[in-house]
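Enquirer: Put the two chains together into one complex; each comes in its own frame, and the hints tell you how they fit.
Here is what each chain is made of, one letter per residue.
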Amino acid sequence: MLETLISIKNLSKTYNNSFEALKSVNLEINKGEIFALLGPNGAGKTTMISIICGLVRPTSGEVKVNGSDIVSEYKITRSQIGYVPQELTLEQFETVFQNVSYTRGLYGKSSNPKHIEKILKDLSLWDKKSMRLGQLSGGMKRRVLIAKALSHEPSVLFLDEPTAGVDVELRQDMWRIVEKLRQSGVTIILTTHYIEEAEAIADRVGVIDNGEMIVVDETSKLISRMGQKKLTIQLQEKVMQLPESLAKYNLELASDGFSLAYSYDKESKQTGITNLLQQVKDSGMKLSDLKTEQGTLEDIFVSLVHKEKK
Amino acid sequence: MNYYAIKAIYLHEMDRLWRTLFQSILSPVVSTSLYFIVFGSVIGGMVPQVDGVSYGSFIVPGLLMLTLLTQSLSNSSFGIYMPKFSGSIYEILAAPISSFEIVIGFVGASATKSLIVGSIILITATFFAEVRIDHPFVMVFLLVLTCLTFSLFGFLIGILSENFEQLQVIPLIVVTPLVFLGGSLYSIEMLPEFWQQVSYFNPVVYLINGMRWAFYGVSDINIWTSVFTMLGFLLICIVSTIFILTKGYRIKS
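Quick mapping for you: the protein sequence lines, in order, are chains A and B. If you read the first sequence in this note's numbering, its first letter stands for residue 1441, the second for the next number, and so on. If you read the second sequence in this note's numbering, its first letter stands for residue -10, the second for the next number, and so on.
Pulled out of the complex, with its shape left as it was, chain B reads as follows (with noise of 0.2 Å):
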């Protein structure tokens, strides 16, 4: 195993958020603290209690998992794709690194950048909201998988990308829609039984109940059912990665 080299990789990327400190920290911290003020405050006063929590504390985690999404995917798919679009990923794929090493590299990184922002928005949460952990273990642990699996994701996204609008196209064509009719902010009890039906085929709804689930103890979904469809959704992009790299798919001729 070349440590050395996922060590380089690690920092460098780390190197990046140091440099990047408004666009990695501070902008998601305030635009998620709008969302605060606005659904929270504004709109939680006039929302009934959800679940038995305030609509401000119903909220939380699943803003926390909007961002930690957004996040790992834009921290790995852009990690990945700067150096093919500079051409200086040439010296990673020229060095005695495996594909398994890259990856570590690249998804630890990214997914490390996500917990920092994660933890962040967690803290933010509690001037806004009353918020209240229940399970902090399985909260830990939902963190750090959703942080490696959409990391994972994003870094897939960044080695099929040719261009800046590929890169662009899932996380916001896709992923954004999903993650807000995933019940980020509502209960999908809250919606007429057709949509309820259609929710469940969105992989979204597992994670932000799992992470409710973890908060207050409260979900639409079974916690193990999230677990596992995490679980399963982390396989996935595993094997594609795996896949991708060995053939040298978009990235060696």
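Okay, chain A solo, but in the shape it has when bound (with noise of 0.2 Å):
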């Protein structure tokens, strides 16, 4: 049976400007999994994070981390959590060495060069070890909040829009990084807005939006619901109506006349396709071009939204 690692319960957090950025949220986050916290901006994700972590004050409910809470127990939550923010907050003068060494300190342990050495040597920074943070491109800034991070050997990683704004390459570096680490044992929770990148990595995936947990499921389950797509068919003569024999294709005739759309589940073996454009064909239209796309994450949302509603 799944052990839990993070309990919340009824966590509301509303900001004095009035703005409700938690509505009663409960989560259940379970030891060894990676978790990914998806929502658009403003959805509150990173104010969940933050409040586990410490950084924001919750207005009512509970947190627990292994069992101890999160206000009343800080010092033994805090110390079993690292934590990498989205914003490069990183001080300009400091070797890497340094700032490494230092956050370990913060968190109330001893000084352990070859520890700060080998996670270093992991993240691909030990030859800039002496580098001062200021003169490190944008990925490397990242790679060392993710050092400081571990630095402390903790439990569970919150690592918040890990890969906003980093190029292709070093994004499936961080997808490395974050699978590497769960094999040894770390429980990691992520925010992202991009849905592939919680079906590349995380075991499960809550999905956030407007300060209400709307859904939380296993990643794979979540990307069959969430996996439609859409054909569109571009035709060379206008149509004002569509003929019968297509009636049971649920298309969508666009308002020029000239394209057709058809939804679809690409998870499924049947897509329909084929019979569809063999019927496209039968009934006398004369097809220019085919487009396909990926649903976005905006139109996700709205159906998930749509379903919670009914």
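Be aware that a few hints might be false.
[What the hints assert, rightly or not] Footprint (simulated), chain B over chain A, 3 or more residues, beta carbon under 8 Å: (1) 1488 to 1497; (2) 1524 to 1537; (3) 1547 to 1555.
By construction, these hints were calculated from the structure, which means they are not laboratory data. Think of the CB as a built atom: it goes at the ideal place given N, C-alpha and C, for glycine as much as any other residue.
Expert: Written out as structure tokens, the structure is:
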């Protein structure tokens, strides 16, 4: 049976300007898993992890890490947590090695140059150890932030938008790092805008919007629910009305009459595309082009919110 | 108690001193030396003895206090403001550290830096004036007390400041005038009666006179009045700091 590491009950947060960032959120995160928190800007992702890490005070509710309360037993909970912020917030003039060692000290651990060396080597930072932080590239700074978060050997790591604004190569590098950490037994919670990211690395996904947890599910299940794709068929001649034979495909006819849109489940073995195209041909329509597109995150949110309301 | 965290903050702050050696140590030494040259040697030659002490020697405790106050304020206010400004304060807030431990780390480092600078200023003063210390233990006590109190006050300024202007405004607009009008370069007995009475409302008068008593055994104010005034101000700073950090004012949402 899976063991719960973080338990969130009825967590709410209202800021001084009356903005309700979290509305009675409930969530459980299991030991050893990679959990991705998805949501658009301002959904409440950063607020939630900031509360767990001690950066923001909850308005109400309860959060426990490994059975300890984050408010009354904050020293116990925080010593188990590593946090990588979204922004590249580093001092400019310290060296990489000094700065990572400093963070280890803050978390109440005695100096351990061997451990810091291991982390820096794992993150390909060892050759930069004597460089000042201000001299590093954005990607390297992000690695330093991860090194700092791991300096005190945490059992749970929070990554707030770890791949926001980074190039594809670094993003895939980050995914490899995250997977390696999970293999070493670290529980990982990350926030992201990118559904591909959640698909690539997360065991479970939570979707948060407008301060409410809309859905929490295993990634594979969520992906199959979200896996709608759209096929757009461009026509050579304008169509005023769809023939009866195409009714079963629930096609959307564009207002200009020059294109048809067909939604299908990409995970399904039988998408119906072959039959559809045959029917289109049989009905005398001539094609000029075909285009497929993945549903956007926005489409997915709309769909999920709609389902919740139902 | 998270001793490793206190040590980490303390050493991190002390590192800043070594990185900015010119700004931290040489700059106050040079500016204080200029005071000694201009006021002590040049003007002092034209001023008769004050309270039985040559003018050059008379201004040593005041200039020492001037340096300690300004250094303590700027060290600690910058120390806590810079992580706020860069955003790196998140790691202090997310670490298993109590407010008390944070204060010990920052204020301890700031007070240490001020003591180092103060000691260098004192040695420098001996090149320009005859310096005598009648009550060395009281002097050391007042040095430490002043450094701690004003480092704590600076820490508060750093926490409350939302930009660099606010960070500078209290030291420049409030503290520097108080120090100059606090008798660092003169005895308040030299002032007209009215201004003497006004001076008693200036807390820095008590500090400088306390230090002057420790050096030469002369003071416009009783030494115990000076010490208790300092302790009272320290208490106000401690209570304010605890209140602000507990509430997370301007550092936590």
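Enquirer: State the violated hints by number, sorted upward, taking the hints as numbered earlier in the document.
Expert: Nothing - there is no hint that the structure violates, so all of them hold.
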